Amino acid sequence: MSKPTDRPARSPARRSPVALPGFLQRERIVARPGFNRWLIPPAALAVHLCIGQAYATSVYKNALVEHFAVSQTAIGIVFSIAIVMLGLSAALFGTWVDRNGPRAAMFTAACFWVSGFLVGGLGIETQQLWLLYLGYGVLGGIGLGIGYISPVSTLIKWFPDRPGLATGMAIMGFGGGALIASPLSRQLMSYYDPGYDGTAGTVPNGEAVAALFFTFAALYLVFMMFGAAIVRVPADDWRPTGFDPSTVKQKALVTTESVSAANAIKTPQFWLLWTVLFCNVTAGIGILEQAAPMIQDFFRSGDTSTVAATAAAGFVGVLSLFNMAGRFVWSSTSDFIGRKPIYMVYLGVGLLLYVALATIGNSATWVFVLLAAVIISFYGGGFATVPAYLRDLFGTYQVGAIHGRLLTAWSAAGVAGPLIVNSVLDTQGEPGTLVAANYRPALFIMVGLLAVGFVANLLVKPVASKWHEPHATTPATARANPERSAAR
Amino acid sequence: MSTPLSKQSTDGQSPVHTPTGLIALAWTLVGVPLAYGLYQTVKTATTLFTG
Chain A
1 MSKPTDRPAR SPARRSPVAL PGFLQRERIV ARPGFNRWLI PPAALAVHLC
51 IGQAYATSVY KNALVEHFAV SQTAIGIVFS IAIVMLGLSA ALFGTWVDRN
101 GPRAAMFTAA CFWVSGFLVG GLGIETQQLW LLYLGYGVLG GIGLGIGYIS
151 PVSTLIKWFP DRPGLATGMA IMGFGGGALI ASPLSRQLMS YYDPGYDGTA
201 GTVPNGEAVA ALFFTFAALY LVFMMFGAAI VRVPADDWRP TGFDPSTVKQ
251 KALVTTESVS AANAIKTPQF WLLWTVLFCN VTAGIGILEQ AAPMIQDFFR
301 SGDTSTVAAT AAAGFVGVLS LFNMAGRFVW SSTSDFIGRK PIYMVYLGVG
351 LLLYVALATI GNSATWVFVL LAAVIISFYG GGFATVPAYL RDLFGTYQVG
401 AIHGRLLTAW SAAGVAGPLI VNSVLDTQGE PGTLVAANYR PALFIMVGLL
451 AVGFVANLLV KPVASKWHEP HATTPATARA NPERSAAR
Chain B
489 MSTPLSKQST DGQSPVHTPT GLIALAWTLV GVPLAYGLYQ TVKTATTLFT
539 G
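In the order they appear, the protein sequences are chains A and B.
For the first sequence, counting from 1, position 364 maps to 364 in the working numbering; every step adds exactly one.
Plus 488 on top of the position in the second sequence (first one is 1) and you've got the working numbering.
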């Protein structure tokens with residue numbers, strides 16, 4: 001495509017410590033005038049639809065428990081490692097992603113994500129659990145982190161007029177990835193193991209799961225490389241037709257200034273948003289983690305529940321749909337009503353819905369489903385809106401790196417959410433004997449968390465001017481000297 | 489679908505036209521798996537009301 005033009009020569013000392021091949025370099029993917037920006041969302045979706053598989057691991061969890069003859073916890077920890085690595089890698093490599101551009105990031109994410117499946121599959125095939133931890137957990141988790149943030153800042157730059165819509169589209173893909181991977185996993189495993197038909201109560205053998213991993217490796221390699229091939233970054237002076245940046249500045253909390261990632265984490269705004277994301281995600285995970293047993297327990301009478309196991313699986317499907325739809329709908333809505341107000345809805349209305357769930361959730365199945373579905377749509381919306389919120393507060397300069405650092409809140413919530421729910425339920429009785437009242441303590445803890453998040457969101461104010469980059473800084477020189485203001 | 493035109497870059501590069509077929513192909517490649525996932529999930533979700 002286009003060649004570098006108006007960018008100053010970069011100092012070798014400032015370049016990536018690992019020299020990138022030419023086709024991955026940012027300069028090679030600067031779009032020429034006339035490029036259609038609607039080619040960027042499918043590039044982002046190609047990556048997020050693949051890495052969203054991370055939310056579909058429960059499909060083969062029981063198969064791996066049987067195959068390795070270990071506990072549920074020993075297998076469940078694979079997912080936990082992956083989510084922790086997601087947060088760490090997004091935080092550590094965020095600046096690298098911003099500096100080197102989305103193609104290098106997507107390519108790298110694809111290599112890690114696919115390697116994760118290959119090494120994990122090898123671990124299953126040879127019955128070496130540590131290889132599964134190393135493969136899917138560590139390598140795959142690094143791919144998740146880099147892949148998750150790889151298209152975000154690019155989308156924000158291509159859609160300065162609708163950043164919430166842009167990030168909503170990409171991060172919706174992460175929710176959509178699980179929707180694709182769950183049924184596809186069942187169909188592929190039943191193909192590799194004819195004794196498995198995908199129904200409840202049957203599990204495929206380990207070889208089928210290994211074959212699934214290898215198949216996913218091939219499929220995801222193709223899709224993610226396609227995304228890397230078509231992605232482009234806008235020229236520094238590019239604007240959508242009819243877009244006037246000064247109209248953006250008129251909105252409350254929205255800045256046209258730039259704040260570096262190193263400085264952003266020194267501001268109260270970053271940690272307030274960290275708290276907001278942590279509280280919103282922890283509360284959402286509280287329902288997601290326990291969805292199927294929870295709906296059965298809420299409508300349990302004695303030893304039996306009026307909600308059958310197949311209906312409970314349907315409830316998980318409903319939540320998946322609302323999780324995905326919330327990412328797109330709420331994030332797009334935030335472009336019109338503003339980021340702070342939409343988080344007041346996620347956290348404030350979410351809090352009230354949680355209270356309703358705890359008190360009247362067991363009055364009728366439709367009430368329970370409706371309340372839980374809207375709560376989960378807020379959970380998804382919180383993920384999708386946060387990059388646009390960061391862009392409003394800190395500008396587009398290093399928004400990818402700042403987003404990466406903020407995702408450590410997700411990792412922390414991924415540990416805290418299940419821990420809170422499971423430890424509370426452990427004190428209430430044995431699984432299979434719990435009723436709605438046993439969930440109330442955990443649900444009210446979530447109410448408290450949402451209240452903390454609500455207050456944190458209320459406290460968000462514009463970033464002080466002392467953290468702004470000097471005006472002489474252009475995006476190109478900023479990328480060449482990413483750390484120059486870090487010591488401020 | 490809007491087709492925003494970029495402002496002429498300061499380097500004087502000649503404008504390009506992104507083929508509509510390429511955009512359609514890209515959206516189809518991500519849209520078909522997503523439609524499959526949505527269909528399968530809606531099918532599963534209906535068991536909440538039927539079974």
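Mixed in with the good hints, there may be bad ones.
Far from chain B, some chain A residues (derived; all Cβ distances over 12 Å) [claimed, not checked]: (1) Leu184; (2) Lys340; (3) Thr359; (4) Thr365; (5) Pro431; (6) Lys466.
Here chain A is said to cover these stretches of chain B; the calculated rule only asks that three of the stretch's residues, wherever they fall, bring their Cβ under 8 Å from a Cβ of chain A [unchecked claim]: (7) 502 to 513; (8) 522 to 528.
It is worth saying that the hints were derived from the structure and are not from the lab.
Predicted model, so just to flag it, every value in this text is computed and none were measured.
Note that beta-carbon positions come from the ideal geometry of N, C-alpha and C, so glycine has one too.
Cross-check of the supplied hints:
no.: 1; hint: Leu184; result: violated (8 Å)
no.: 2; hint: Lys340; result: holds (28 Å)
no.: 3; hint: Thr359; result: holds (22 Å)
no.: 4; hint: Thr365; result: violated (8 Å)
no.: 5; hint: Pro431; result: holds (21 Å)
no.: 6; hint: Lys466; result: holds (31 Å)
no.: 7; hint: 502 to 513; result: holds (count 7)
no.: 8; hint: 522 to 528; result: holds (count 5)
Hints 1 and 4, counting from the list given before, are not met by this structure.
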